[in-house]
Each structure stands twice: as structure tokens, then as C-alpha cells.
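Residue numbers (our numbering), protein chains in the order written: chain G, 1 to 238; chain E, 1 to 122.
Fair warning: there could be bad hints in the mix.
Stated by the list, open to error - In the PhoX-like style, the derived pairs of lysine-lysine whose C-alpha atoms are separated by at most 25 Å in a straight line are:
#1 G:Lys68 - E:Lys113
#2 G:Lys123 - E:Lys59
#3 E:Lys25 - E:Lys69
#4 E:Lys69 - G:Lys123
#5 G:Lys56 - G:Lys214
#6 G:Lys90 - G:Lys56
#7 E:Lys79 - E:Lys113
#8 E:Lys69 - E:Lys36
#9 E:Lys79 - E:Lys30
#10 G:Lys43 - E:Lys59
#11 G:Lys56 - G:Lys213
#12 E:Lys25 - G:Lys123
#13 E:Lys69 - G:Lys68
#14 E:Lys101 - G:Lys169
#15 G:Lys169 - E:Lys59
#16 G:Lys43 - G:Lys213
#17 E:Lys69 - G:Lys169
#18 E:Lys101 - E:Lys43
#19 G:Lys68 - G:Lys169
#20 G:Lys169 - E:Lys113
#21 G:Lys169 - E:Lys50
#22 E:Lys50 - E:Lys113
The set of hints was computed from the structure by calculation and includes no laboratory data.
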Amino acid sequence: MSDVNSQRRNFLKTSLGAAAVAIAPGMLLFQVAQGKSDGADAKVRWGMLIDTAQCKPGCNDCVTACNKENGLSGGIAVTDSQWIRKIDLKDISTGREISLPMMCQHCENPPCVDVCPTAASFKRPDGIVLVDKHRCIGCRYCMMACPYKARSFVHEPIHDQNPDVPRGKGTVESCTFCVHRLDEGTQPACAEACPNKAILFGNLNDPESEISKKIHSVASIQIRADLQLNTGVHYQGL
Amino acid sequence: MRLFASLLLCCCFTLAWANDSSAPKPDIGKGGQCVKDPQWMRKNHMHLLKHQRDEAVRKGIRDDQISLKNCIECHASIKDDSVIARDDSFCVACHRYEAVKIDCFECHSGTRKTAWLQRNAK
Ligand code: SF4
Ligand code: SF4
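Here chain E stands alone, though its shape is the one from the complex (with noise of 0.2 Å):
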């Protein structure tokens, strides 16, 4: 009863979303599996990252699937390799559509590592 319940929510979430022409389409990139099921990612991933960013720089316990660059691999543009490039680019999609505003980016490079390095290899 309580899977139906959910179900039947998540689909007129994601009804009321594909009703809603404004609603952001963010460019997903490569996609695939990801972590945590989408749904919980949406409302979530700010305290995956948060969590993970202290682990990491302060006893330097790196995961290697819970991290930012792990997300940027997946999901940076196939056309530019980037989270941050565009208006519907896989970050600034929704957060302009929240109006709430990326911090990561002012330190962090929002590129997938493969394309930086083959930019950067001389």
C-alpha cells in the first residue's frame, strides 16, 4: 500500500513537472546508475556532497562514488563536458529555476577530468 502510495505521488510529481512548460530540462549528460535513486538525489545530494567534502579534505577519506567530480563525470554535458557551461547545463538547470544560488563552482572546475587533461596535455 505504501509502494502504491509513493508510486501514484511520483507520478503526478513528475506529471505536474512535464505539465509545467517552464520546468527546467536539464542536459543529464552520459547519466546512468546513479548513487541514490534520482527522486532522493533531487532533494539530497546537497548533504551527500557536504558530508563527503569534509571527509575528503580534512582526514582525506576520498569516495570514489560519492563525490563531485564523480557526479561531474556522469552528468557533464556530452556537448561541452560541463555542469556549469549553459543555461541547461545538468547544474544550472534547476538551480536557476530555484533561484538558489551554486557556490561549489567559484573553487571547483565544473569539467569532466578527461576533457580538462586533453586541454591541458603539453
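Chain G on its own, in the form it takes in the complex (with noise of 0.2 Å):
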């Protein structure tokens, strides 16, 4: 392996250029313009905003998005995988009513990865939860640990994936927060596809970037907070 990584380190010296992609205001990604990547950058810290007064009920766009980006089949049986879902709420006292996406909130003490035997769940450095599809036995025991109910179990052998997501038969999946667009640069495909803005996503981390200012100015609360998971995702007007 020393010759690989000599002629990779002459390789890098020559031809790395690193490029600063602006994708949102105050946020910036930098990513490497040919070789091979830095990887997770263990100063970041992904997270969503979800402005609930922007969702609309019956808008399903972010599922819709996330079904194609990851090659889900969009069915809601209880075997089909759900990365991403739209819940209805009700306040019974008051009738006001709200619509909101809940997916895996990206724990910074996640259960999932408490629980799991074969370190298959893991938190990357940047925040972001996943499964190691190379590791997982398919126990689920990480789908009883999530509080979130965020997680699925492929059931059946799948077919024509997308090159860049990679699932299986036999292993447990949940949202990635499109770590494979996020490597290259861009959004999660929810936050793109929202046509009312309600997704904000950006680095928690830095206090410049846009999703840290409207954190730090409007109210917002962590789903079971009390559960104190420090969940990545936050919401506003719950």
C-alpha cells in the first residue's frame, strides 16, 4: 500500500485545488476540486431548520424528492421504506392545525448507534447519523431505539439503484441527509425541492451561517427535547 500512497500524495500536491462552494448565504463548503476529498469535517455540524408556518399541509414535495433522490419506491406499507414523512397535527383544544417532515433528526447521542452490535450505526464526524451497510445484520435493534421512529428495514432484494445510494436487502436504512449530494456540494434534495422554503439546512457550528443566526433569534424546539439527544433538526412554531 506505500506506493499507492506516495504516488496519491504527488498526485494531490500536483493537481489539488481546493474550491470554495458558496450554497447558502454565510455557508460554505469546501470541496476538492479533483482527487480525493478531505472527508467529514469533525468542526461541522449539519442541521435542519423546519419552519412549520411555511409547510403546507397536503404538500408532500420533500417526500416526493427524497423518493426519487434515494430510489425509494414511495409506497407506505409497513415493509416499504419511509426516509421522510409529512405528519398532520391537531391541537383538539384549539382546532389550529399544522403539517410538518419528520425524518431522522440526526442525534448527537444517538440510541441507534447505542444499541447497535456490530457498529454498523455510527455518527460521521460532521453530525450526520448512518448505517454502514458493509457491517449491518439486520437485528433492528436500532429501529426499536430510535425514539423517532425514523428507521426502515428492507424487506425485499432491490434493483436499479442510484449509483450514488447504494441499498439493500437485509440492512436498515433512514434519511443520510443526502450525504452524497452533501459531499459534492449541494442541498439535501427535501430542502431543494421545498417550493416554501420551510427546510433550512446548514452548518450549526458556525455562527455566521444562516441557519445559526435564525437559531439564535427565532424559537425553535427539538422534538423530545427531554430525551436530550441534542437532535440536528429543529423546529419552528410547534
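Take the two lone chains, each set in its own frame, and fit them into one complex as the hints suggest.
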């Protein structure tokens, strides 16, 4: 392997150009133009702020975009994978109705990772919680542990996957924050697809990012904050 | 001398395969310059892939060159854009000959990304 490494180092020295790509005001993704990327940055914590006032009941655009991007069937039977769902809530005393998208909350202290016997469930340095399907044995402990019902088990063989989103029978999966798009410098498909800009995606650790500024100025909550999982997804107007 | 010996060995190896009529004749697709020399790849490609997959999935270190996607980019058949569709497809031909099951494509797509995009553009 040593000659691979020295070759690679030389290659990097000569051809590496790091390009800063602005994907939202105050939010920079450093993307490697060619060669090998530096990988997930531990100084970053990816997160979302979902504005329930902007999310329209009946609109399903984020779910559709997710299904298309990640190759999900779109079915909602118990055996179908759902990475993001629309939830409608009604306050029975006041009659107020709201609608919001729910997905993996990318917990800072994820119970799914705690219970996984094979270390297949893990948290990337930039806070994204993923399943390493090379290791997952399909025991589904993580599905039981997740308080948000965010994970799905793949029951049937899958064909013609998106080459960037490998998925297969016998493994558990959930929202990845579109990690394959993120590593290329673009936003998650749902955030991009929302016609009302209800989903704000960004780096919670960067005080200059749009999401940090908004979280500091408007009231938002984490769902089931009492569990102290410190979720990466925050909700506004709940 | 070493070089000569290894050259000789290579020749013998190729000849041995050439003489064996049942030897696999994979469709190498576009082919071109590989990340390592072909003989090395024949023996060791699985180690490269295994090393790279952990780096990519767990640390987000994505290598443009050493990746399954890049293998498929060069070696998917010109005819059907796949490394697994037929008996003589790039991955299948040798794996069948050696009777080694490929697990990669239980989850991974065996299709060239551009072809997949074309098919799924809507
Ligand atoms: S929401 Fe569920 S699946 Fe996602 S990180 Fe938290 S516990 Fe794990
Ligand atoms: S189903 Fe897979 S990811 Fe979940 S706990 Fe079991 S081995 Fe870990």
C-alpha cells in the first residue's frame, strides 16, 4: 500500500485545488476539485430548521424529492422504506392545524448507535448518523431504539439503485441528509425541493450560517428534547 | 534479471490463459489506464475496494479514482452500460469462472452513472 500512498500524495500535491462553493449565504463547503476529499469535517455539525408555518398541509414535495433521489418506492405499507414522512397535527382544544416533515433527527447522542451490536450505526464526524451497510446484520435493534421511528428495514431485493445511493435487502436505512450530495457540495434533496423554503439546511456550528443566525433569533424546539439527544433537526412554530 | 523473470512469468501466464479455451473473456468496456497495473488488479482489487469503502462511508473521504463507481465508469460494457448484466460482463466473467460470489451488487448499482441518469431523468 505504501506506493499507493506516495503516488497519491504526489498526485495530490500537483493537482489539488480546493474550491470553496457557496451553497447558501454564510455557508461554505470546501470541495476538492480533483482527487481525494478530506472527508467529513469534525468542526461542522449539519442540521435543519423546519418552519412549520411555511410547511403547507397536503404538500408532499419533500417526500417525493427524497424518494426520487434515494430510489425509494414511495409506498407507505409497513414493509416499505420511508426516510421522510409528512405529519399533520391538530390541537384539539384550539383547532389549530399544522403540518411538518419528520425524518431522522441526526441526534448528537444517538440511541441507534448505542444499541447497534456491530457498530454499523455510526455518527460521522460532521454529525450525520448513518448505517454502514457493509456491517449491518439486519437485527433491527436500532429501529426499536429510535424514538422518532426514523428507520426502515429493507424487506425485498432492490434493483436499479441510484449509483450514489446503495441500498439492499436485509439492512436498515434512514435519512442520510443526502450525504452523497452534501459531499459534492449540494443541499439535501428535500430542502432543495420545498417550494416554500420551509426546510433550512446548514452548519449549526458556524455562527455566520443562516441556520445558526435564525436559531438564535427565533423560537425553535427539538422534538422530545426531554430525551436530551440534542437533535440536529429543529422545528419552528410547533 | 528480476524484471526478465517477471516478464517471462507474465508471458507464461498469458499463454496459459490463452491456451485454455474455457478462460473468461470479459467485456472490459471502455477500459483505458487503470489505477494500478492490470495484473496487480486481478489479484488485489478487492483489497483496494474494501479499504476505500470504509474510508468513504465512515469518514466521508471520497476518492475520485479508487472507487467502485470509477471501476464501473471504465469497465461497464459499451453495449449495456453494466458490469453485471451478462455472463461475459466485466465482473461476472471472472467471478463465475472462479466460482466466487459477488456481494457488492446486492446493494450497489452495476450501471454507469451517466446511463442511469439518462434512464431516470424525468
Ligand atoms: S433520529 Fe433515530 S435514527 Fe436518527 S440519529 Fe436519532 S435515534 Fe438514530
Ligand atoms: S439493524 Fe443493522 S444498524 Fe441496526 S442495530 Fe442491527 S446491525 Fe446495527
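Hint check, failures only: Of the numbered hints, just 12 does not hold.
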